[in-house]
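Asks: Each protein sequence line maps, in turn, to chains A and B. Each residue of the first sequence is one higher than the one before, counting from 1 in the numbering used here. Each residue of the second sequence is one higher than the one before, counting from 1 in the numbering used here.
Simulated from the structure, these hints should not be mistaken for lab results. What you are looking at is a predicted structure, and each value in this text was computed from that prediction instead of being measured. Ideal Cβ placement from N, Cα and C applies to all residues, glycine included. Watch out, some of these pointers could steer you wrong.
[Claimed, not checked] Among chain A residues calculated to face chain B with C-beta under 8 Å, some are:
1) Ser56
2) Leu62
3) Ala64
4) Leu69
5) Cys70
6) Glu71
7) Thr73
8) Glu89
9) Ile97
10) Pro98
11) Pro101
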Amino acid sequence: MTTERISTRDAYGTALLQLGERVESLVAVDADAASSTRASVFASRFPERYLNLGISEQNMVLVAAGLALCERTVFAASFASFLVGRAYEQIRDAIAIPSLPVRLVGTHGGVTVGEDGATHQMLEDIALMRLLPGMAVLCPSDHPSAVAQICAANAWKGPAYVRLGRMPLPLVYDPSDTDFHIGGARILREGDGVTICACGILIREALEAATILSQQNINAEVIDCYSISPLPSEIILSSVHRTGCCVVAEEHFLKGGLCEAVSHLLCEHYPVPVSSVAVRDFFGQSGTPEELQEYYGLTSERIVSAAFQAWTLRRRSPGVF
Amino acid sequence: MSTLPECARERLNLERRAVDVRKDVVRMIGVARSGHLVSSLSIVDIMTWLYWNVLRVSPEEVSSPSRDRFVLSKGHGCPALYATLANRGFFRREELWSYRRLGAMLQGHPASTRTPGVDASSGSLGMGLGIAVGMALAGRLGKAPYRVVCLAGDGEMQEGAMWEAAMAAHHFSLSKILLIIDRNGVQMEGETEEIMGLEPLDAKLESFGWSVAHADGHDFASLGRALAQTDASGLPGAVIARTVPGHGVSFLENGSLRGKDALNRQRVEMALRELETVERTIEVSLSGEEAIS
Numbered sequence: 001m002t003t004e005r006i007s008t009r010d011a012y013g014t015a016l017l018q019l020g021e022r023v024e025s026l027v028a029v030d031a032d033a034a035s036s037t038r039a040s041v042f043a044s045r046f047p048e049r050y051l052n053l054g055i056s057e058q059n060m061v062l063v064a065a066g067l068a069l070c071e072r073t074v075f076a077a078s079f080a081s082f083l084v085g086r087a088y089e090q091i092r093d094a095i096a097i098p099s100l101p102v103r104l105v106g107t108h109g110g111v112t113v114g115e116d117g118a119t120h121q122m123l124e125d126i127a128l129m130r131l132l133p134g135m136a137v138l139c140p141s142d143h144p145s146a147v148a149q150i151c152a153a154n155a156w157k158g159p160a161y162v163r164l165g166r167m168p169l170p171l172v173y174d175p176s177d178t179d180f181h182i183g184g185a186r187i188l189r190e191g192d193g194v195t196i197c198a199c200g201i202l203i204r205e206a207l208e209a210a211t212i213l214s215q216q217n218i219n220a221e222v223i224d225c226y227s228i229s230p231l232p233s234e235i236i237l238s239s240v241h242r243t244g245c246c247v248v249a250e251e252h253f254l255k256g257g258l259c260e261a262v263s264h265l266l267c268e269h270y271p272v273p274v275s276s277v278a279v280r281d282f283f284g285q286s287g288t289p290e291e292l293q294e295y296y297g298l299t300s301e302r303i304v305s306a307a308f309q310a311w312t313l314r315r316r317s318p319g320v321f
Numbered sequence: 001m002s003t004l005p006e007c008a009r010e011r012l013n014l015e016r017r018a019v020d021v022r023k024d025v026v027r028m029i030g031v032a033r034s035g036h037l038v039s040s041l042s043i044v045d046i047m048t049w050l051y052w053n054v055l056r057v058s059p060e061e062v063s064s065p066s067r068d069r070f071v072l073s074k075g076h077g078c079p080a081l082y083a084t085l086a087n088r089g090f091f092r093r094e095e096l097w098s099y100r101r102l103g104a105m106l107q108g109h110p111a112s113t114r115t116p117g118v119d120a121s122s123g124s125l126g127m128g129l130g131i132a133v134g135m136a137l138a139g140r141l142g143k144a145p146y147r148v149v150c151l152a153g154d155g156e157m158q159e160g161a162m163w164e165a166a167m168a169a170h171h172f173s174l175s176k177i178l179l180i181i182d183r184n185g186v187q188m189e190g191e192t193e194e195i196m197g198l199e200p201l202d203a204k205l206e207s208f209g210w211s212v213a214h215a216d217g218h219d220f221a222s223l224g225r226a227l228a229q230t231d232a233s234g235l236p237g238a239v240i241a242r243t244v245p246g247h248g249v250s251f252l253e254n255g256s257l258r259g260k261d262a263l264n265r266q267r268v269e270m271a272l273r274e275l276e277t278v279e280r281t282i283e284v285s286l287s288g289e290e291a292i293s
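Could you build the full structure based on these sequences and the hints that come with them?
Replies: Here it is, written out as structure tokens:
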């Protein structure tokens, strides 16, 4: 495996180019952030199918809805804060309620945006988007999976949101791996000691935590829960039936994201101790991505601690699944 | 043979259509016991003019890619849209009586997924023009020369997103887009100019690169002249249509009932009797002239 680091936002340009070649009806709309979202590569290749609406996210989303109502395949991207935050009502009313197949891509998710600080570090986008009925929500963990998941979003019948990040990341998956779909998950490491559900940048941390835990004779099962909505319920439940405890890790507020989604699933179907690694009730701030990741505790060490906590209280009678 | 000139006959026929639509608007809001009556009545003539004279749409080809598109940005005025579509044959008139009921085809605000002929959903104000811009851009990309008409309330021009869309329509030179503003002068809590002044609305739109024409929103010929004027400009067109809230029902026009007030049974009967009187006058004009000849 290569040691090259590349951010998931770079996958947006790659995927758009691939899809643009294949899908003639594809149009990409932008709110003057193409060089940041990487839509710029599509804009250079297909200038007639790239529409920069200027700094107007609300209008960009409405224009995307209008294009989709006229049978265009539409991608709309901006910084997650501005796309989901600024244009939430437009997304809700003009895209989600009429269930239009618009693909929304929020780049610069999470605190690892870095120096730009709290306004630019979106930590509630997944919560807001998974609240919308019918909205698929994806959070890939590396470049190849991000490309594949953007393509999966394009094949989805309804609206979809893909959350990407700015920080360059090492690869988790082989670049040729395309086995990702809406509602899917990937078991990256098998184990019967503790289930670790993670997404985005926390996948790499979860795998490191699993290595540390194995030295303590706790075999962690690591699940890439990239599809936060719909949630891969069967895969999670099947794992937790074997392990009896769970850790959920994500670069998002503890409220409303993957942690709450998994906790609710387990509460309803198979209650077990769940520990979370996520951002508590604080907004972000300036710093390097690495410093912020450490400061907000989005690390393998925190996952290890959480795993011990959950494992100590684990449910010992295996359930029938 | 009638001495009535053809253009007068056409106007009278259209006026008769508008009375039919008005009566259905009054009935459906009466049956539903909720709905925005005065702001629906202010757009009935515009809707009638659009659906019988302007838009190239047909109930037989409701999804035709080349059809003209219509976006009712002031979604609360949907009784006028529903009654127009029903009278134009897009769905059975009986559907009008379940407006706002659980499971109904006709929702409290337009839902494109539920109602044949409704091109875009709306409800929250200030969103229609952006959707219309997207539709016009799609038309241009597909080299389909359809027209996109957006009917907005005057009050919702206070929403910033309308001006983002106005800027984009000019930037992309969208000459096939037509914005009609129902300038009835009132919004939820009072007069637009008292709450958040819009004037000079024409100069504002012109400064955004639009061709602006004024019209009497209850006069088909005036609307037609305004459309011809904006069409000739080659720019995005806006028609500021001066209208009267509650138009067609005298006790609503004078402003004693406002906003969302639905009518009780007695008031519905009063309104319908008044509209029937208008209808008889139109019939007499149509047939009376024939009798003289």
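Asks: None of the hints should be skipped; say for each whether it holds.
Replies: Hints, verified against the model:
no. : hint   : in the structure
1   : Ser56  : holds, 4 Å
2   : Leu62  : holds, 3 Å
3   : Ala64  : holds, 6 Å
4   : Leu69  : holds, 6 Å
5   : Cys70  : holds, 3 Å
6   : Glu71  : holds, 7 Å
7   : Thr73  : violated, 11 Å
8   : Glu89  : holds, 6 Å
9   : Ile97  : holds, 6 Å
10  : Pro98  : holds, 5 Å
11  : Pro101 : violated, 12 Å
In summary, the numbered hints that this structure violates are 7, 11.
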